[in-house]
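Participant: These are the residues of each chain, in order.
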Amino acid sequence: MRAASAAPRRQGAAARWSPRQAGRAKPLLFLLGLFPAARWIWLGLNDGLTANPPEFLIRSSGVWALAALCLTLAVSPLRRLLDQPALLRWRRMLGLFAFFYTALHVWAWAYWERGWSAASMWADIMQRPFVLIGVAAVVPMAALALTSTRGWMVRLGRGWQALHRLVYPIAALSVWHFWLIRAGKNNFAEVYVYGAIVAALLLWRAVPALRRRRSAQAGGGG
Amino acid sequence: MAKLDIPCIPPSQITPEAVWRSRREWLKRAGLGALGVGAGALAPAWGAAPPSFAAPRDSRYAVDEPLTSEKDVSSYNNFYEFGTGKQDPSDHGGALQTRPWTVTVEGEVARPRAFDIDELLKLAPLQERVYRLRCVEAWSMVIPWEGYSLSELLKRVEPTANAKYVEFVTVVQPENMPGLRSRIIDWPYVEGLRIDEAMHPLTMMVFGVYGKPLPNANGAPLRIAIPWKYGFKSGKSIVKIRLVERQPATSWARIAPDEYGFYANVNPDVPHPRWSQATERRIGGGFFAPRTRTLMFNGYADQVASLYGGMDLRRYY
Numbered sequence: 005m006r007a008a009s010a011a012p013r014r015q016g017a018a019a020r021w022s023p024r025q026a027g028r029a030k031p032l033l034f035l036l037g038l039f040p041a042a043r044w045i046w047l048g049l050n051d052g053l054t055a056n057p058p059e060f061l062i063r064s065s066g067v068w069a070l071a072a073l074c075l076t077l078a079v080s081p082l083r084r085l086l087d088q089p090a091l092l093r094w095r096r097m098l099g100l101f102a103f104f105y106t107a108l109h110v111w112a113w114a115y116w117e118r119g120w121s122a123a124s125m126w127a128d129i130m131q132r133p134f135v136l137i138g139v140a141a142v143v144p145m146a147a148l149a150l151t152s153t154r155g156w157m158v159r160l161g162r163g164w165q166a167l168h169r170l171v172y173p174i175a176a177l178s179v180w181h182f183w184l185i186r187a188g189k190n191n192f193a194e195v196y197v198y199g200a201i202v203a204a205l206l207l208w209r210a211v212p213a214l215r216r217r218r219s220a221q222a223g224g225g226g
Numbered sequence: 013m014a015k016l017d018i019p020c021i022p023p024s025q026i027t028p029e030a031v032w033r034s035r036r037e038w039l040k041r042a043g044l045g046a047l048g049v050g051a052g053a054l055a056p057a058w059g060a061a062p063p064s065f066a067a068p069r070d071s072r073y074a075v076d077e078p079l080t081s082e083k084d085v086s087s088y089n090n091f092y093e094f095g096t097g098k099q100d101p102s103d104h105g106g107a108l109q110t111r112p113w114t115v116t117v118e119g120e121v122a123r124p125r126a127f128d129i130d131e132l133l134k135l136a137p138l139q140e141r142v143y144r145l146r147c148v149e150a151w152s153m154v155i156p157w158e159g160y161s162l163s164e165l166l167k168r169v170e171p172t173a174n175a176k177y178v179e180f181v182t183v184v185q186p187e188n189m190p191g192l193r194s195r196i197i198d199w200p201y202v203e204g205l206r207i208d209e210a211m212h213p214l215t216m217m218v219f220g221v222y223g224k225p226l227p228n229a230n231g232a233p234l235r236i237a238i239p240w241k242y243g244f245k246s247g248k249s250i251v252k253i254r255l256v257e258r259q260p261a262t263s264w265a266r267i268a269p270d271e272y273g274f275y276a277n278v279n280p281d282v283p284h285p286r287w288s289q290a291t292e293r294r295i296g297g298g299f300f301a302p303r304t305r306t307l308m309f310n311g312y313a314d315q316v317a318s319l320y321g322g323m324d325l326r327r328y329y
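The listed protein sequences derive, respectively, from chains X and L.
Residues in the first sequence are numbered from 5 upward in steps of one, following our numbering.
Residues in the second sequence are numbered from 13 upward in steps of one, following our numbering.
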């Protein structure tokens, strides 16, 4: 097992970024994370939010939330592929951006679709499976955002990692939510793209885990 | 306290709308004419100004609400033959060939025939009617269309007793309609009405909007407008009208029968599976405008409710 990690490094350890170096790129990452919001403002000032700005913003915030979630899930595979363990330093910020755009998506729905009425929001959740599935993704995501601080990592100890594995079902629910919205219009091109990315990112984790389990069983038996 | 003195204008001094409108048109034409003369000297082919479709506004079809801007009307459209984005029709609609154009009227009629678009334009006097448009996606517009009742055309082909339904077929121009590459809809786009709905005076053949020929994004050179039904019922860029005995298999009803019914009458009490139809967002209402209540039959209940007497509108949505 793990033959790849035992093989000699191509560039040697010198090319690896230190955690400090990766940390220095974080302000840049922060600015990049604000790009979607900045784009909305630019479009808003230049008459670019279509004739139906609320609908545009509801959809755009949802898609950007999913994109940020994909980037968050890509951190671990990229750390290994690029042999840059220090990329871990970016993961929390990416995850928080995913939550930021998700929160805006929920806010936009609550305000423009349901007029801030709690009864109306509740009715929408209960009547429409795709909204319910969205909520099922948002609630644990809020818990992950809340417990993303160092203090909570310490407090939860080993439970923290178990809790944060919820990001996998959250990603799957998000794609499902997206798929259901597009199903009525039979318009799946974007859903397939995001679905394939999320599937690849989850399989990248699931396949080695399953293989480990199987070889552990085989080892136990022999 | 002095009352605010509002000057009273005697009705005799109010310029009739038709007069001020025609003056505006005259100014526009004069301007275009001057442009044409100037341009004609430079490039003769370019001098052809778009024909004016200014038509007298029919006061029976007035809507007591502000019109949606011309820009929004022609840049926020669902016309999947050009792509699924709302701006795709205005961005990618330019290549559509709208001349020459013929509309075949066939099926259960005594006198089937093909009509040239120029003949259709003269078939009956064009009127301007202001209609509400309510999209099934819960947004709406108020639009001044130019055209006449579809019944004017149908009368001329003499539907037989077997003509129970009318089917509208949209053009397919693969080289000019990039959206046709996607398999979202089994092209061509087909819509339909019951014959009494099609003969209703509100059901309109539309050739122009805002006093100009229809932009391609709105379904040039002619489309249907049925103001009491969700927008997808109003087929665009029509090339064929068939009168048939059986209810046509219409495009959206085939794709998702639980979401889009054949009737698709605007009905605030029957929610779409994925959203409520009780309210709508008026396009151009501004960023923070609240949603407005959707009216039964989109506000045309007085005219059309009698078509559906005894029908369960929840079942036949």
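Hints are supplied without guarantee of correctness; some may be wrong.
When the alpha-carbon atoms are kept at most 27 Å apart in a straight line, the in silico DSSO-like pairs for lysine-lysine are as follows [stated by the list, open to error]:
#: 1; chain 1: L; residue 1: K176; chain 2: L; residue 2: K83
#: 2; chain 1: L; residue 1: K224; chain 2: L; residue 2: K176
#: 3; chain 1: L; residue 1: K83; chain 2: L; residue 2: K167
#: 4; chain 1: L; residue 1: K134; chain 2: X; residue 2: K189
#: 5; chain 1: X; residue 1: K189; chain 2: L; residue 2: K252
Going by beta-carbon spacing under 8 Å, a handful of chain X positions derived as facing chain L [said to hold, decoys possible]:
#: 6; residue: N50
#: 7; residue: A71
#: 8; residue: G119
#: 9; residue: S121
#: 10; residue: F134
#: 11; residue: N190
#: 12; residue: N191
#: 13; residue: R209
No lab work stands behind these hints, which were simulated from the structure alone.
Ideal Cβ placement from N, Cα and C applies to all residues, glycine included.
Participant: Run every hint past the structure and note whether it holds.
Facilitator: Against the structure, the hints:
1. L/K176 with L/K83: Distance ~38 Å between L/K176 and L/K83 Cα, so the pair is violated.
2. L/K224 with L/K176: Given pair L/K224, L/K176 is violated - Cα atoms ~34 Å apart, limit 27 Å.
3. L/K83 with L/K167: 35 Å, violated
4. L/K134 with X/K189: 37 Å, violated
5. X/K189 with L/K252: 24 Å, holds
6. N50: With Cβ-Cβ at 14 Å, over 8 Å, it is violated.
7. A71: Since chain L brings no Cβ nearer than about 18 Å to X/A71, farther than 8 Å, the hint is violated.
8. G119: Status holds, d = 6 Å.
9. S121: Hint violated; X/S121 Cβ to chain L Cβ min 11 Å, cut 8 Å.
10. F134: 6 Å, holds
11. N190: With a minimum Cβ separation of about 5 Å from chain L (threshold 8 Å), the hint on X/N190 holds.
12. N191: 5 Å, holds
13. R209: 32 Å, violated
In terms of the numbered hints stated before, the structure departs from hints 1, 2, 3, 4, 6, 7, 9 and 13, listed from lowest to highest.
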